[in-house]
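Colleague: Sequence:
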Amino acid sequence: MNTRRLISGIVLMIGTVSLFAQGELDALRHSQYGLSGSARALGMGGAFSAIGADVASGTLNPAGFGVYRSSSFVISPTLLIAQSQTDYLNATGTGSRSNFRLPSMGVVFQGDTYYDPEETDPSFRFKSYAFAIGYNQVENYRQNILVNDAYNPASSIAMRFAERAQGLDPDELGSVEALAFNLLVIDTIRNQGGDAYFSAFNRGQINQTLQRLESGTRNEWYVSLAGNINDKLYLGGSINVMTVRYEQEFFFSETDVDNLYEVYDPFGNFGFPLEIPSNELRYTDAFSTRGSGLNARAGLIFRPVDAIRIGLSGQTPTFLSLTDNYQSSLTHNLTLDPGVGPEEYEQSTANGEFSYTLRTPYKLTAGLVWIAGKRGLVSADVDYTDIGSARLSSAESSISNPAYYGFEVENDNIRSLYQASLNYRVGGELRMDPFRLRAGAAIYGTPLSESGQYYDEYTDNQTITQETFDASRKFFTGGAGFRQPNFALDVSYVNARLPEKFSPYTLTSTGAFQPTVLTQRVSHQVTMTMAFMF
-3 MNTRRLISGI
7 VLMIGTVSLF
17 AQGELDALRH
27 SQYGLSGSAR
37 ALGMGGAFSA
47 IGADVASGTL
57 NPAGFGVYRS
67 SSFVISPTLL
77 IAQSQTDYLN
87 ATGTGSRSNF
97 RLPSMGVVFQ
107 GDTYYDPEET
117 DPSFRFKSYA
127 FAIGYNQVEN
137 YRQNILVNDA
147 YNPASSIAMR
157 FAERAQGLDP
167 DELGSVEALA
177 FNLLVIDTIR
187 NQGGDAYFSA
197 FNRGQINQTL
207 QRLESGTRNE
217 WYVSLAGNIN
227 DKLYLGGSIN
237 VMTVRYEQEF
247 FFSETDVDNL
257 YEVYDPFGNF
267 GFPLEIPSNE
277 LRYTDAFSTR
287 GSGLNARAGL
297 IFRPVDAIRI
307 GLSGQTPTFL
317 SLTDNYQSSL
327 THNLTLDPGV
337 GPEEYEQSTA
347 NGEFSYTLRT
357 PYKLTAGLVW
367 IAGKRGLVSA
377 DVDYTDIGSA
387 RLSSAESSIS
397 NPAYYGFEVE
407 NDNIRSLYQA
417 SLNYRVGGEL
427 RMDPFRLRAG
437 AAIYGTPLSE
447 SGQYYDEYTD
457 NQTITQETFD
467 ASRKFFTGGA
477 GFRQPNFALD
487 VSYVNARLPE
497 KFSPYTLTST
507 GAFQPTVLTQ
517 RVSHQVTMTM
527 AFMF
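Numbering (the numbering used here), first residue to last: -3 to 530.
Everything labelled a hint here was simulated from the structure, so no lab data went into it. Among the clues, some could well be false.
Restraint-style ranges between C-beta atoms, simulated for each label pair [what the hints assert, rightly or not]:
hint : residue 1 : residue 2 : range
1    : 94        : 300       : 44 to 50 Å
2    : 464       : 372       : 36 to 42 Å
3    : 524       : 167       : 28 to 34 Å
4    : 520       : 235       : 30 to 36 Å
5    : 524       : 498       : 30 to 36 Å
6    : 300       : 485       : 57 to 63 Å
7    : 228       : 429       : 22 to 28 Å
8    : 338       : 520       : 39 to 45 Å
9    : 470       : 524       : 19 to 25 Å
10   : 284       : 516       : 23 to 29 Å
11   : 389       : 446       : 25 to 31 Å
12   : 481       : 315       : 30 to 36 Å
13   : 338       : 470       : 46 to 52 Å
14   : 251       : 506       : 45 to 51 Å
Note that the Cβ used here is the ideal one computed from N, Cα and C, for glycine as well.
Let the sequences and hints guide you as you build the complete structure.
Modeller: Structure follows, in structure tokens:
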């Protein structure tokens, strides 16, 4: 064992590879939509694509801006409290985060067209138009995933480093694997030519603790134009700029609870057992994504009779240009000299950066509204989207982007792990002038394919079984409002239940146990919208 490799605090100035770099999770993370719009739309479960006259039209159906009867300025401050309930290896944990934001704001300029009954065909009258500009927050990433002392009898993150190092000489290792080698988290196997590796925690039987802190938002800025034909047909279109800001801090530690210093020889060679007297291993990963992209949206709202409105809209794929920044570090606590006791060694990679593009899927939306005169209304929406059609790509190598990467494996994973899904929203509003009461719900179908829903579970009798995970998202909403000719005040509450599964590390060896984190983010969002008509 070469103890001269253990040099504390060195920063490795070579290419950095984060465990959370670009992959199929990015495609899912930046393709999903939550509920968005004003407090009125949120209070009705987001079922607003066929109603119109709301800033939610910028994200759902731009034809809704044609329903406006006056110009309007809308602003919506929000308080979000997100609690994450997590299960990992039968250990549970709860974490919470909160923030105050401004997730929706917009201004709509409405105008009536000139009408001369002697010169204009009354069967086709272009009555009014609207121009709108603003933004809606379509996703909030904020959460805190936390689990302490989960007992893993079968695998270790160190085995991941050893897998990725196999077949490479020590001077050819990627940066994270080089950290592991320098700190004796992995080492070469005797008499195997110097390119075969074993890991310090080779047999599991360790306690694992993890925390993932996430923050950021995905906002959609829209510029929309809409028109009203005879109060029967409303048409609209928009150009939208998507902005992405995502940040993640991942902390992962392993403790050898049984003092299993000796590891077995997987090849049956003499000279074993080898010994790495490990006490604790800590891995941290700081990861962030910034970027923007474009999409377009067009739609219509048709009113065959006064009591019914039918809405249809379509959104093109979003073409996002993204840049990831990341840095990793490892800390290894081990006892090389029993007379001295345990010592701690740490190394970090240099900051890494990589730019790439993500094409998110298109989306189709249909809506139906029944208006019960001045008593209220009931509305329903359905979306169709296919996250399995999302694609990652990288520009060809150049001076500005020397690190070309093809994403063949990641795109194959997107095709196999994700599928088409339907999102349903329903809501209602009761009118008691000048007050309003609202309620709604939404169910977003699972984007995971049948194979994507499976995960490994390690049972008490030490066998690996396959379980399935329901990734459908659920929203329950309510709200109230007060309306005057030139002012409206609305308040809504949204309870969202957003499940997720991910692996803290991946293993590809045949029969290797792949641990999975199951978490459900339960968020409580209170939004107040103030609208000023002019």
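Colleague: Each of the hints needs a verdict: does it hold here or not?
Modeller: Checked hints:
Evaluation of the 44 to 50 Å hint for residue 94 and residue 300 yields a pass: the beta carbon distance comes to about 45 Å. Range check, residue 464 to residue 372: about 40 Å between beta-carbon atoms, so the 36 to 42 Å window is met. As the Cβ distance of residue 524 to residue 167 is approximately 59 Å, the hint placing it in 28 to 34 Å is violated. Judged by the Cβ atoms, the range 30 to 36 Å given for residue 520 and residue 235 holds: they are separated by roughly 34 Å.
For residue 524 paired with residue 498, a C-beta distance near 34 Å keeps the hint of 30 to 36 Å intact. Between residue 300 and residue 485 the beta carbon distance is about 33 Å. The supplied range of 57 to 63 Å is therefore violated. At roughly 26 Å, the beta-carbon separation of residue 228 and residue 429 lies within the given 22 to 28 Å, and the hint holds. Range check, residue 338 to residue 520: about 43 Å between beta-carbon atoms, so the 39 to 45 Å window is met.
Between residue 470 and residue 524 the CB atoms are about 23 Å apart, so this pair conforms to the stated range of 19 to 25 Å. At about 24 Å, the CB distance of residue 284 to residue 516 agrees with the hint of 23 to 29 Å. The beta-carbon spacing between residue 389 and residue 446, approximately 26 Å, falls within the hinted interval of 25 to 31 Å. Against the hinted window of 30 to 36 Å, the Cβ-Cβ separation of residue 481 and residue 315 comes to about 42 Å, which falls outside the hint.
A hinted range of 46 to 52 Å for the beta carbons of residue 338 and residue 470 is consistent with their spacing of about 47 Å. Here the CB-CB span from residue 251 to residue 506 is close to 27 Å, at odds with the stated 45 to 51 Å.
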